[in-house]
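Protein chains in written order, with the numbering used here: chain A, 14 to 277; chain B, 593 to 880.
Keep in mind that a hint or two might mislead.
Chain B regions said to be covered by chain A (calculated; three or more residues, Cβ under 8 Å) [what the hints assert, rightly or not]:
(1) 687–693
(2) 698–704
(3) 707–719
Below, a sample of chain B positions facing chain A; criterion: calculated Cβ distance under 7 Å [claimed, not checked]:
(4) V641
(5) L643
(6) R675
(7) F682
(8) Q759
(9) R760
Beyond 12 Å from chain A on every Cβ pair, some chain B residues (computed) [to be verified]:
(10) A628
(11) S647
(12) G649
(13) T654
(14) S665
(15) L671
(16) F680
(17) T740
(18) D767
(19) A778
(20) L803
(21) K830
(22) A833
(23) A837
Honestly, the hints are just simulated from the structure, not real lab data. Even for Gly, the Cβ is constructed at its ideal location relative to N, Cα and C.
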Amino acid sequence: MNWKEFSPGRYGRHLRFVTILTVLVVLAAWQCEVSPSDLMKGIGKGLNMVGFFFPPDWKAFPEMVRPALVTVLICLVATPIGAAFSVIFGLAGARNLSPPWLRLTARSLIAVERGLPEIVILLLLVAAFGLGPFAGVMALAIGSIGMLGKLVGDAIEEVDARVMDSVAAVGATRFQVIRHAVLPEVLPSLVANSIFRFEVNIRASVLLGAVGAGGIGYELNAAMNQLEYSRATVAALTTLALVFLSERASDFLRARMGLGDTPK
Amino acid sequence: MLEVRNLTKRLPDGRALLNGLSFTIGKGEFVALLGASGAGKSLTMRAIVGLTSVSDGEVVFTGETGKVYRTTSTGAKDLRRARRNIGFIFQGCNLVRRLSVLDNVMIGRLGRIHPLRSWLYGFTDHEAQEAMEALDRVGMADFAARITGSLSGGEMQRVAIARAIYQRPLFYLADEPIAALDPKNADVIMRLLQPLSRENPILGAFHQPELVTRCCTRIIALRKGQVVYDGPPCLSPKEIAGLYADTGGVTSEDDGANPVPRPMDYAVNWPGHTVKIAAECSGSAGKP
């Protein structure tokens, strides 16, 4: 073995990178008051707390069914609204269909929607619509536009220009070209992504519920605030079941429709 | 019927892609547009259907009622009216792959039905029946319900022809319809196009001289955006090679012995002229 191959000079660049990264992580941990002793203490406290959560208060389960249903309904309303508007934003933001000023406006709005987490959107909307499921629906719909609008816009830009030309060549109007050449090509991926977004919205709505949008998240938060830990366990397990079921349903539907397992 | 007058397309740097192209195509003609890649064949077709703008010149054709259509220097509405009378057969990839074969054929009528009706996909039973008849004519009726993306290249090209037939155009443009096909499928497509040309003329871009001399009634050869030959298809392989030469009308291997055969020595006076041309040639051109 030639030890000269392992000279520090040869690996100097990697060593510098690892050293800088380590210093940054240590500095950040110090600023965030990360302390191994606190971690150990926290684990100890947490293990003691586990006892309060079990056994679950299964008598509270019937009371969780309706909030769980509300969570599903919030997503059932928000996702199609978001998907419908994402088509409009996607068409407006596609390079091959829209003039530069419209494309820039649409893409900027989509970027803002994507940049804001749903919880921030909800806090902004609560001022206008008050607490409750409606604000949750609006927040999730706007969040869905951010994600789906970008995917639809990108999918439209990938539609073969020759396909659009061939429809235009029969004397079709611009809207007919969109209807008969563009939408058929992007709709399957929009449906697949919308089903996936429904699954994402279920998870997000639990969090939104905790800050006042209603549903199972609200029940979980209320139980924790009232120190009813065994009731909170039932809410958490119901949430877990809801997320699991929505994931399975999403995978099943996309597979059944031949749209692939992962979002495009 | 179709008149192309002084068609010119220049780039901003002044280079001409089409340089004063002029020709007329009449009833019953099956005209092959020949030329090397970059000679301007596809650009000519796109300019005729108004998919690309031109710097100068015009494209004019007349409908059965005497109405004159233009695809150059015209408004969007008039351009759409003109386009619905042109059956443009692209290379296979022009179809909407996720739609059914029948849906793709029905697209051919979009220019003739109200946009709102087409948005709601409100085609009538009669229109669907006509689309099926067009599919039947190209031997694809059994494939009507199939998703277009699942078809082979040759099958897609037949669907594209069915769409053009269903459109009921005044003439057809076929932009390299057999370029991506094997010889057997290429022959099938040419056998479909040949009888169509007797009903409505066809201008097609090809790269298969042997098929062109057998099936077409006339050749227009382009070089650097100019017509260098316009005449009967009864050309020898050497003469055809001359059409593909870069400059001067000579092939590289023949060293001056193979001039371009008398360019521009052919004019069309339709109708009926094509029969005469075919008779002057080997006797096979233009016949099924």
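Enumerated hints in conflict with the structure, sorted upward: 9, 15, 16, 17, 18
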